[in-house]
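Enquirer: Sequence:
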Amino acid sequence: MTSVFRDEHWIGGAYVPSGSGERIGVENPYTEEVFGHVPAGTAEDVDAAVSAARSAFDGWASASPAERGAALSRLHRTLAARADEIARIVGLELGTPLKIAKAVQAGLPLTVLAGYAELATRPAHEETIGNSLVVHEPIGVVGAITPWNYPLHQVVAKVGAALAAGCTVVLKPSELTPLTAYLLADAFAEAELPPGVFNLVTGTGPDVGSAIAGHPGVDMVSFTGSTRTGAAISRAAADRIAKVSLELGGKSANVILEDADVAKAVKVGVGNAFLNSGQTCTAWTRMLVHRSHYDEAVELAAKTAAGYTLGDPFDAATRLGPLASAAQRERVRGFIERAGARLVAGGLDAPVPARGHFVAPTVFADVDPDSELAQEEIFGPVLSIIGFGDDDEAVAIANNSKYGLAGAVWGSDERALAVARRLRTGAVDVNGGSFNPFAPFGGYKQSGIGRELGAYGLTEFQQVKAIQR
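Mapping the sequence shown onto UniProt numbering, position 326 (from 1) lands on 326, and the numbers just tick up by one.
These are computed hints drawn from the structure, not numbers from a lab. One or more hints might be untrue.
Here are the simulated DSS-like cross-link-like pairs (lysine-lysine), alpha carbons at most 27 Å apart as the crow flies [unchecked claim]:
(1) K303 / K264
(2) K445 / K243
(3) K243 / K102
(4) K99 / K402
(5) K99 / K243
(6) K402 / K445
(7) K102 / K267
(8) K267 / K303
(9) K267 / K99
(10) K99 / K264
(11) K402 / K243
Produce the complete structure using the sequences and hints provided.
Expert: Right, dumping it as structure tokens:
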């Protein structure tokens with residue numbers, strides 16, 4: 001197996017050694033072998049990265065929209081040339097099947113970055129209100145802390161937007177999937193963006209993440225990950241009144257109304273719930289079905305789940321890869337063991353490959369809407385099916401969650417749209433509406449604060465100033 005060793009951080013436009021001299025191993029979740037390593041960063045490394053970002057800020061913030069747009073376009077070209085390598089590395093460090101890795105793990109962030117390159121060319125929004133000129137200015141140095149499940153997309157959603165807004169960035173990727181971020185750093189080097197506008201420090205959350213969140217030189221922290229960690233980052237940033245943007249957990253409902261195309265809704269819903277082995281914050285992990293279609297939906301969901309092939313991410317036949325780590329596998333298995341609902345597919349006794357952090361695609365029926373299974377984010381290939389009697393009950397069950405990130409509704413167009421409007425969640429797909437990487441993305445309730453992607457994502461990294469004349 002290919003070994004990938006990166007011994008330095010990217011700081012101030014150059015690769016520099018870590019102050020600790022220590023390394024973090026990177027495991028292949030399919031082979032369960034360590035195939036690479038990255039530096040174990042320290043607070044001192046974060047200091048150096050923040051200093052570089054601060055030094056670069058005035059020049060980057062004052063660059064013209066055309067200059068920033070051209071720079072991001074160069075970055076896009078150099079990163080796009082690495083698309084195959086991105087998919088390969090994600091397959092190795094995360095276990096995403098290659099077909100999905102090419103389309104989603106590599107293709108989606110390239111689309112997002114191209115969008116930010118175009119948005120960067122537009123002058124910052126200004127408006128006149130009475131005698132005031134209202135202007136938008138870059139917020140400053142951004143600390144970006146990203147998760148392991150979409151290791152390039154989550155990075156680009158933050159870095160691309162922040163740079164387009166005129167900010168500079170210090171990035172800490174997840175220590176489970178850090179190697180993809182180095183491909184981005186390599187692209188920065190080739191694209192010859194100004195030194196310090198982007199800085200990469202790898203390491204653990206307690207060491208590097210905490211240092212970024214609490215650093216007095218970081219003007220804003222943008223975090224994607226668990227709600228618990230998001231709360232800790234908010235507390236760290238609050239001590240200096242720094243802005244925080246959070247994209248956190250989800251427990252999204254897929255509502256299948258009485259007049260829906262049940263076969264399509266179930267098939268698409270299962271696919272959504274099991275995308276990336278269920279390790280997706282927007283996954284529709286609660287399937288809400290009108291009782292007139294309940295038995296049919298349960299049978300279809302079980303049959304669909306049973307058709308998923310588990311195995312080597314680089315085998316074209318594989319539809320479901322391993323979970324990211326042994327700890328994540330055991331966490332998911334714990335939810336299945338405690339489920340207390342009717343198992344109709346998968347489960348702990350279902351066959352899985354002999355090696356790798358696998359959990360079989362699992363479907364439960366007759367799930368109590370108030371149960372742990374229906375309330376907690378599992379982050380694995382586990383689907384809960386819940387029945388309802390009318391639209392009001394469906395909305396009540398869907399909104400019975402501390403989360404509010406995404407969801408779906410299936411039915412006649414007007415009826416489905418009416419239900420979608422009532423869901424307390426940041427995004428809703430109606431009758432299979434496709435994901436839009438240029439629309440605002442973010443959640444209600446404990447799913448987060450702020451928005452990513454498109455113009456709304458860019459404005460998260462700006463301050464608003466009123467100039468009276």
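Enquirer: Now tell me if each hint is right for this structure.
Expert: Each hint tested on the structure:
no.	hint	in the structure
1	K303 / K264	13 Å, holds
2	K445 / K243	18 Å, holds
3	K243 / K102	34 Å, violated
4	K99 / K402	33 Å, violated
5	K99 / K243	38 Å, violated
6	K402 / K445	6 Å, holds
7	K102 / K267	22 Å, holds
8	K267 / K303	10 Å, holds
9	K267 / K99	19 Å, holds
10	K99 / K264	22 Å, holds
11	K402 / K243	23 Å, holds
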